[in-house]
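Student: Sequence:
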Amino acid sequence: MSKTKKQRKASYRKRQKNTTSIYFLLLAVFSAFSLFMVLFFGFTQRVVMNQTYKNEAVRDLADKGRKIQTAILETSPDDFNGNRSAQLRYLSAYYDVDVYILDGDGKVLFPQEPHFNHGETQGQEKFDFSSAIVVLKAHLQETDENNPALYEGEGEYCYGDKISLYEDSEEYLYITKSVNLIESVSRQMTLRIWLLGAFMFLLSFAVASAVSGWLTRPLSEMTQKARRLARGDFNVDFHGSNYGQEMLELAGTLNFARDELSKTDRMQKELIANVSHDFKTPLTMIKAYASMIIEISGDNPEKRNKHAQVIVDETDRLTSLVTDVLDLSKIRSGIDMLKFTTVDMSSYVKEILTRFDYLKETQGYKLIAEIDEDLHTRADELKIGQALYNLIGNAVNYTGEDKRVFVRLKKYSDSEFYFSVTDTGAGIKQEEIGEIWDRYYRSSQTHKRPVKGTGLGLSIVKTVFEKHEFKFGVKSEEGKGSTFFVYFPIIT
Numbered sequence: 001m002s003k004t005k006k007q008r009k010a011s012y013r014k015r016q017k018n019t020t021s022i023y024f025l026l027l028a029v030f031s032a033f034s035l036f037m038v039l040f041f042g043f044t045q046r047v048v049m050n051q052t053y054k055n056e057a058v059r060d061l062a063d064k065g066r067k068i069q070t071a072i073l074e075t076s077p078d079d080f081n082g083n084r085s086a087q088l089r090y091l092s093a094y095y096d097v098d099v100y101i102l103d104g105d106g107k108v109l110f111p112q113e114p115h116f117n118h119g120e121t122q123g124q125e126k127f128d129f130s131s132a133i134v135v136l137k138a139h140l141q142e143t144d145e146n147n148p149a150l151y152e153g154e155g156e157y158c159y160g161d162k163i164s165l166y167e168d169s170e171e172y173l174y175i176t177k178s179v180n181l182i183e184s185v186s187r188q189m190t191l192r193i194w195l196l197g198a199f200m201f202l203l204s205f206a207v208a209s210a211v212s213g214w215l216t217r218p219l220s221e222m223t224q225k226a227r228r229l230a231r232g233d234f235n236v237d238f239h240g241s242n243y244g245q246e247m248l249e250l251a252g253t254l255n256f257a258r259d260e261l262s263k264t265d266r267m268q269k270e271l272i273a274n275v276s277h278d279f280k281t282p283l284t285m286i287k288a289y290a291s292m293i294i295e296i297s298g299d300n301p302e303k304r305n306k307h308a309q310v311i312v313d314e315t316d317r318l319t320s321l322v323t324d325v326l327d328l329s330k331i332r333s334g335i336d337m338l339k340f341t342t343v344d345m346s347s348y349v350k351e352i353l354t355r356f357d358y359l360k361e362t363q364g365y366k367l368i369a370e371i372d373e374d375l376h377t378r379a380d381e382l383k384i385g386q387a388l389y390n391l392i393g394n395a396v397n398y399t400g401e402d403k404r405v406f407v408r409l410k411k412y413s414d415s416e417f418y419f420s421v422t423d424t425g426a427g428i429k430q431e432e433i434g435e436i437w438d439r440y441y442r443s444s445q446t447h448k449r450p451v452k453g454t455g456l457g458l459s460i461v462k463t464v465f466e467k468h469e470f471k472f473g474v475k476s477e478e479g480k481g482s483t484f485f486v487y488f489p490i491i492t
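Counting along the sequence shown from 1, when you hit position 29 you're at 29 in the numbering used here, and nothing is skipped either side.
None of these hints come from the bench; they were simulated from the model. The beta carbon of each residue, even a glycine, is placed where N, CA and C say it ideally should be.
So the derived label-pair ranges between C-beta atoms look like this:
id: 1; residue 1: GLY473; residue 2: LYS280; range: 31 to 41 Å
id: 2; residue 1: ASN147; residue 2: LYS107; range: 22 to 32 Å
id: 3; residue 1: ASP237; residue 2: GLN363; range: 50 to 60 Å
Heads up, simulated DSSO-like pairs for lysine-lysine below, C-alpha to C-alpha not over 30 Å straight-line:
id: 4; residue 1: LYS107; residue 2: LYS67
id: 5; residue 1: LYS383; residue 2: LYS411
id: 6; residue 1: LYS360; residue 2: LYS429
id: 7; residue 1: LYS366; residue 2: LYS462
id: 8; residue 1: LYS162; residue 2: LYS137
id: 9; residue 1: LYS303; residue 2: LYS287
id: 10; residue 1: LYS403; residue 2: LYS462
id: 11; residue 1: LYS54; residue 2: LYS162
id: 12; residue 1: LYS429; residue 2: LYS471
id: 13; residue 1: LYS360; residue 2: LYS403
id: 14; residue 1: LYS350; residue 2: LYS462
id: 15; residue 1: LYS471; residue 2: LYS403
id: 16; residue 1: LYS429; residue 2: LYS480
id: 17; residue 1: LYS471; residue 2: LYS366
id: 18; residue 1: LYS64; residue 2: LYS137
id: 19; residue 1: LYS360; residue 2: LYS480
id: 20; residue 1: LYS366; residue 2: LYS403
id: 21; residue 1: LYS383; residue 2: LYS339
id: 22; residue 1: LYS475; residue 2: LYS360
id: 23; residue 1: LYS366; residue 2: LYS429
Make the full structure from the sequences, and use the hints.
Tutor: Written as structure tokens, this is what we have:
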């Protein structure tokens, strides 16, 4: 393992250690959201509950105050044997409030407790309403004359109004309701809300953990399967449990990638085997004929020249193979950048066809051309010429017994023209059409191969056209030959 590869592996492991898993991210997000909702619910419930209790207590005191005031003014104390204090004590007990009648200085007029000495210090402190009467009067001034005062005092809610029990007299009705009970109930409810909130948070945490695990489980499964794929197990299937449409699409994509990797792996092995064979064959021939020259034909000029020519031919074949491999590698990697120029394709195709004249003269091949004049495009002239030569050479190799090949360069529209080459051979099986552009693809049909090739011709064609972003393809029918074509944009 090279140092660079070790460094990449160490860097990958370091990134893995420093990266939080999706499971914990989802768990943290769900838990934080649940905690926020619990706190928000608890706070708002406390505020709302306190305000609700307060409003309810105020409304309740106002209602009781009006009823008590009516009872005092409209009901005779004679029902209580003329005892006003007994009447107020009854009303206080009945309505669960404290009821007082005060004079203008805050002195308690009613109820009067029997055997109670107002002169004692304890009694003065307990029934000292001098401050309360000032506050009551201030609130009464702020309200309408016909409305009582209703407000919150220190630890109690207060209801007060000016009343007249006797002629030419002025008293004040002062009713209070302690907030201690309300605050006690509020504290109990708040405690229960927080306990419920804690329970809900724990429940939310458990649910978040389960949901996070359920959501990340397919990713974990696919990660394990991807590792198996990385180790060369091309039988792995990424489809698992049904976790939703997105996961199904991801599984389908990964399965497609698996198939492509499997195909690439198979092609790579075939490429190595084919290249090794193609390199080995001429090298073996060169060595064999060199040995023959040394041992057998060294003194025989005729045999020596014949054997030497074989060495030259095999060397040319080896050079052609190396050149094609290098060209394909350069084009695919982008090292050999395209040099775009305006190309007169009509003249260029004619020039390429002249390279096949020796086949017409020596082997009787017929290259029938239909070429429209004055068709220009922008392309890398050298690379396009190599691709067109390979297409014509491929057609020559696979054409039928009539040895005819049709080459066309025709205008298709105002913006495009096309080049096509058609052979009369056995055609290509439909299941093989998608593979013909692969490196070292070999058709199952037999052919004479009058044009020397390395097996990389169509792969170079595909790479060149793809780099130019030209539309290209093949149409074929078994027993009726094949037509390869490419469309060029017109440049005027």
